[in-house]
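Chains as they are written, first to last, in my numbering: chain A, 1 to 343; chain B, 1001 to 1343.
No lab work stands behind these hints, which were simulated from the structure alone. Beta carbons: idealized from backbone N, C-alpha and C, even for Gly. Wrong hints could be hidden among the right ones.
Pair ranges (Cβ atoms, derived) [to be verified]:
| # | chain 1 | residue 1 | chain 2 | residue 2 | range |
| --- | --- | --- | --- | --- | --- |
| 1 | A | Q337 | B | E1180 | 45 to 51 angstroms |
| 2 | B | R1117 | A | S35 | 31 to 37 angstroms |
| 3 | A | D88 | B | E1324 | 16 to 22 angstroms |
| 4 | A | S236 | B | W1208 | 54 to 60 angstroms |
| 5 | A | Q337 | B | W1208 | 37 to 43 angstroms |
| 6 | A | G65 | B | V1343 | 53 to 59 angstroms |
| 7 | A | S107 | B | G1118 | 26 to 32 angstroms |
| 8 | B | K1163 | A | D88 | 53 to 59 angstroms |
| 9 | A | G124 | B | E1324 | 45 to 51 angstroms |
| 10 | B | Q1067 | A | M265 | 55 to 61 angstroms |
Protein chains: 2
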Amino acid sequence: AVVAAASAASWFASCAADSPYMGEALSSDLQARLSDPADMQAHMEDMILRVQKEVCDALSAADGGAQFQVDRWERDAGGGGVSCVLQDSEVFEKAGVNCSVVHGNLSPAAIKEMTARGHEFGPGPYHFFACGISSVIHPRNPLNPTMHFNYRYFEVTASNGKKTFWFGGGADLTPSYLFEEDAEHFHRSWQETCDKHDPTYYPRFKKWCDDYFYIAHRGERRGVGGVFFDDLNDKSPRELFTFVRDMARTIVPAYLPIIERRKNMPFTEEQRKWQLLRRGRYVEFNLVYDRGTKFGLFTPGSRIESIFVSMPLNARWEYSHSPEPGSPEEELLKVLQEPREWV
Amino acid sequence: AVVAAASAASWFASCAADSPYMGEALSSDLQARLSDPADMQAHMEDMILRVQKEVCDALSAADGGAQFQVDRWERDAGGGGVSCVLQDSEVFEKAGVNCSVVHGNLSPAAIKEMTARGHEFGPGPYHFFACGISSVIHPRNPLNPTMHFNYRYFEVTASNGKKTFWFGGGADLTPSYLFEEDAEHFHRSWQETCDKHDPTYYPRFKKWCDDYFYIAHRGERRGVGGVFFDDLNDKSPRELFTFVRDMARTIVPAYLPIIERRKNMPFTEEQRKWQLLRRGRYVEFNLVYDRGTKFGLFTPGSRIESIFVSMPLNARWEYSHSPEPGSPEEELLKVLQEPREWV
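If we strip away everything but chain A, and leave its shape as in the complex, we get (with noise of 0.2 angstroms):
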């Protein structure tokens, strides 16, 4: 395995085949610090680039053994992260999983934001640690849907040694036409990992992804959602990165089994053209609405390469389209104007 230590070129890096990571850990040390059950940023580490790995390996069984480019790359400002990406392929038109562990000084604009959300840090300056994975998957079949994920985990230290933490995550479903056993096993699949950890959580992540994903000016929701939370540190460390290693490791039995029903199904023109318009608000979603693409672009020093993995490898906006009244099209925007119960 090659490591390429540059911030600006980033250099192919995947690891070897035995190896339970795609690119070489981020820390030097990692492997020696995993023997303590209390560093919560080597366990994270080590648990979500084997989840890369996890996520990469069923995508390239899916779409033939296809080899997913794997980019290694440091941040000058401390930090950085392994990018994996499959373009342009069979099954797969667009497929990123990125990892990130980056730590540093907080912004002032970073500190407002994160305490206007309720944390109190204590006395200032404050150091950071972030640690996540996070992936867009677009296959190339119309009848198969866009699946996103994320799991992170924050830590702040403040000048008096005072340490706030949070956990944050979820997985949204992008379908271009709906199959309603799709939606109910990706649903179901979160449900039963977060009713192993606590029952008020797929409700309540369920409903908050609903209102996340919103296209307010299209008056939309992006997808048929999923789950999703943020600022989680309402159990110790230890219970909450248990809860997000399981909902890591429902990505594949969630994901996969679809990519496995529609993948060889035929299709049409019209509907790969319906499917380019959809991406076309997969765009306007990243692009005017999400916190976390949003951050990456005004946060100096960030890999923007890594950060648009999550755009569609094509995209289409034509004027005033509506689809015909009765039509699978149609029936598709109802259900992202109204969300429903899956479980």
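Following the hints, put chain B in place on chain A, whose structure we already have.
Frame of chain A; chain B shown alone:
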């Protein structure tokens, strides 16, 4: 000619062939009011509707007589517009030319934004009048540049009758491939019109354009620029109206010769792909930075379809794409990173 009076639907509403407008005027008493030379609202409405017809006629002629779809719409809160769109035609992949004449009560957010820019309105509440023409033209041939223009007039009336006004506008060129003679012709056209009115205008407005159309997260301008100005009220309304009218009449001679020069040039699939990547950047600018787009998206009662006429029919995002050193694609990037003087 049919005039639609619905705010939700919009109907085909083009004027008779001998009309100076594409769609019927928004003000039913417009012709009578034009006899008063001081009625700036009427003269602006007449001017933008005439320019809309002039531009659409010129684009139609360049595109083998292709016909624009004409939609006339009304706004619940006051006023309306005429949107003309040509989509998926031979020379133009998407061309939209919108006029709008709207009025009503100024929202607190708009007041805050405008006073932050230096306007002093006197005591509120305020009534506003806004009237403008706005257009984005995306040709199909990758050797032909996209062009955007916008000319507008704004009036705010305080509760004591005090009236504040300003003009704004500009035009800018976004090529996928750089032809220096095109950029020079475009800039020289604006310089000549500006110089007839004020020798300080072109240099100021050229720089303002380079500064405004900046995609910060890419470190690139959107294109090779042109002119941009806002809050212009340093002369009498009549003098500024004459300036803005002359600018609006410069659109056809500034842009159409370029279209004619390039529209039949052969191009490759690779050039088409590069054009689609550049269209992706256009989308990024419009959704992340453009003040007009964001103002529209967050204003209740806006006609979203008219705002999004600016979006390209097709756009593309490839992961980590970078052009070959020394290629024409890299030559374009260089000029977007370091704006030049063209006249």
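Measuring from beta carbon to beta carbon, are G124 (chain A) and E1324 (chain B) in 45 to 51 angstroms?
The hint (45 to 51 angstroms, Cβ to Cβ) holds, given that G124 (chain A) and E1324 (chain B) are roughly 47 angstroms apart.
Assuming the hint says 31 to 37 angstroms, is it satisfied by the Cβ distance from R1117 (chain B) to S35 (chain A) or not?
For S35 (chain A) against R1117 (chain B), whose Cβ atoms are near 59 angstroms apart, the range 31 to 37 angstroms is violated.
In this structure, is the beta-carbon distance linking G65 (chain A) and V1343 (chain B) contained in 53 to 59 angstroms?
Given range 53 to 59 angstroms: holds, Cβ gap about 56 angstroms.
Satisfaction of the hinted span 55 to 61 angstroms by the C-beta atoms belonging to Q1067 (chain B) and M265 (chain A)
Hint violated: Cβ distance 38 angstroms, outside 55 to 61 angstroms.
Is it true that the C-beta distance of S107 (chain A) to G1118 (chain B) lies inside 26 to 32 angstroms, as the hint says?
29 angstroms, holds
May I ask you to test the hint 37 to 43 angstroms on the CB atoms belonging to Q337 (chain A) and W1208 (chain B)?
For W1208 (chain B) against Q337 (chain A), whose Cβ atoms are near 41 angstroms apart, the range 37 to 43 angstroms holds.
Given the range 16 to 22 angstroms, decide if the beta-carbon distance of D88 (chain A) to E1324 (chain B) lies inside it.
19 angstroms, holds
Within 54 to 60 angstroms: is that where the Cβ-Cβ distance between S236 (chain A) and W1208 (chain B) falls?
Holds: the Cβ-Cβ distance is about 55 angstroms, inside 54 to 60 angstroms.
Could you tell me whether the CB distance from Q337 (chain A) to E1180 (chain B) stays inside 45 to 51 angstroms?
Hint holds: Cβ distance 49 angstroms, inside 45 to 51 angstroms.
If I claimed the Cβ atoms of K1163 (chain B) and D88 (chain A) lie 53 to 59 angstroms apart, would that claim hold in this structure?
57 angstroms, holds
In this structure, the hints that do not hold are numbers 2, 10, in rising order.
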